[in-house]
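Student: One point on numbering: in my numbering, the residue at position 86 of the sequence shown is 86, and numbering is uninterrupted.
The set of hints was computed from the structure by calculation and includes no laboratory data. Honestly, I wouldn't trust all of these hints.
[Claimed, not checked] What follows is a set of in silico ranges between Cβ atoms, one per label pair, in the way DEER data are often shown:
id, residue 1, residue 2, range
1, Gly180, Arg63, 17 to 23 Å
2, Ile59, Pro199, 44 to 50 Å
3, Arg94, Ala24, 20 to 26 Å
4, Ala75, Ser178, 19 to 25 Å
5, Arg194, Ile59, 36 to 42 Å
6, Ala145, Ala60, 28 to 34 Å
7, Pro47, Arg95, 31 to 37 Å
Each residue gets a CB set at the ideal place from its N, CA and C atoms; glycine is no exception.
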Amino acid sequence: MTDVIDLLPVPTSGAPAFADEFAALQTALEPGIRRFVRRLLGDYGDPLAVDDLTQDTFIALYRKLSAANAPLDLALAQPYTYGIARNLVYAEMRRSRRYGLALADDHDQVGGYSDSAGGYAVIADSADSPEEAAHWLLLSLAVRAAIDRLPDAQRQAMILYSEEEMSYEQIAQIMGVSVGTVASRVHYARRTLRAMLDPDTLTSITESQ
């Protein structure tokens with residue numbers, strides 16, 4: 001994706017430092033933001049939509065930080081950036097529904113053989129045979145499909161918690177709710193996932209811990 005710094009003018013005060021710091025911030029955050037956007041879009045997402053919304057997220061972040069002369073601190077910017085991405089994705093989904101637009105399904109784009117759900121790690125070893133790697137991939141797909149069937153608020157919380165490895169405090173900031181609400185959503189999501197997944201999948205996940 002094009003660096004946002006190449007699309008917009010940098011602030012006149014401290015421009016070189018700001019450009020370098022923002023470029024580093026974008027590099028650090030972009031993989032997670034892109035993955036998060038793709039997961040939230042689901043049936044509404046295609047690669048172009050993911051690219052556009054990811055870029056729009058960083059343009060909005062750039063404008064906010066440059067206007068406020070805010071420090072480009074990764075720990076502070078991370079939940080704020082995810083919040084921007086979440087708002088943009090849901091605005092796009094509302095627009096798509098309103099005008100009857102259908103974006104291509106992007107559910108089949110799975111990066112690698114690693115996934116997680118409900119606090120369970122689902123990870124394939126790099127030394128696994130092709131048969132073992134295929135097993136882990138199918139297991140990851142089953143878990144991801146189950147997460148996608150959760151109620152929307154729980155689905156968002158689980159994606160942020162298990163896939164993006166966010167703390168409850170960070171998720172609360174992103175979703176604009178209390179930490180207790182996040183804890184409740186994750187608790188009920190994990191309970192629902194256990195009911196959704198078949199016993200063999202649950203056994204495989206438990207054995208991978």
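Student: Does each hint fit the structure? Answer for all of them.
Tutor: Hint check:
Remark: the range hint 17 to 23 Å for Gly180 to Arg63 is contradicted by a beta-carbon distance near 33 Å. Between Ile59 and Pro199 the beta carbon distance is about 47 Å. The supplied range of 44 to 50 Å therefore holds. A C-beta distance of roughly 33 Å is found between Arg94 and Ala24, which places it outside the suggested range of 20 to 26 Å. At about 20 Å, the beta-carbon gap between Ala75 and Ser178 stays in the expected band of 19 to 25 Å.
Taking 36 to 42 Å as the suggested C-beta distance range, the pair Arg194 and Ile59 conforms, at roughly 40 Å. In this structure, Ala145 and Ala60 meet the distance hint of 28 to 34 Å, their C-beta atoms being roughly 31 Å apart. In this structure the supplied range 31 to 37 Å is violated for Pro47 paired with Arg95, their Cβ-Cβ distance being about 18 Å.
Hint compliance for this structure: hints 1, 3 and 7 are not met, and every other hint is.
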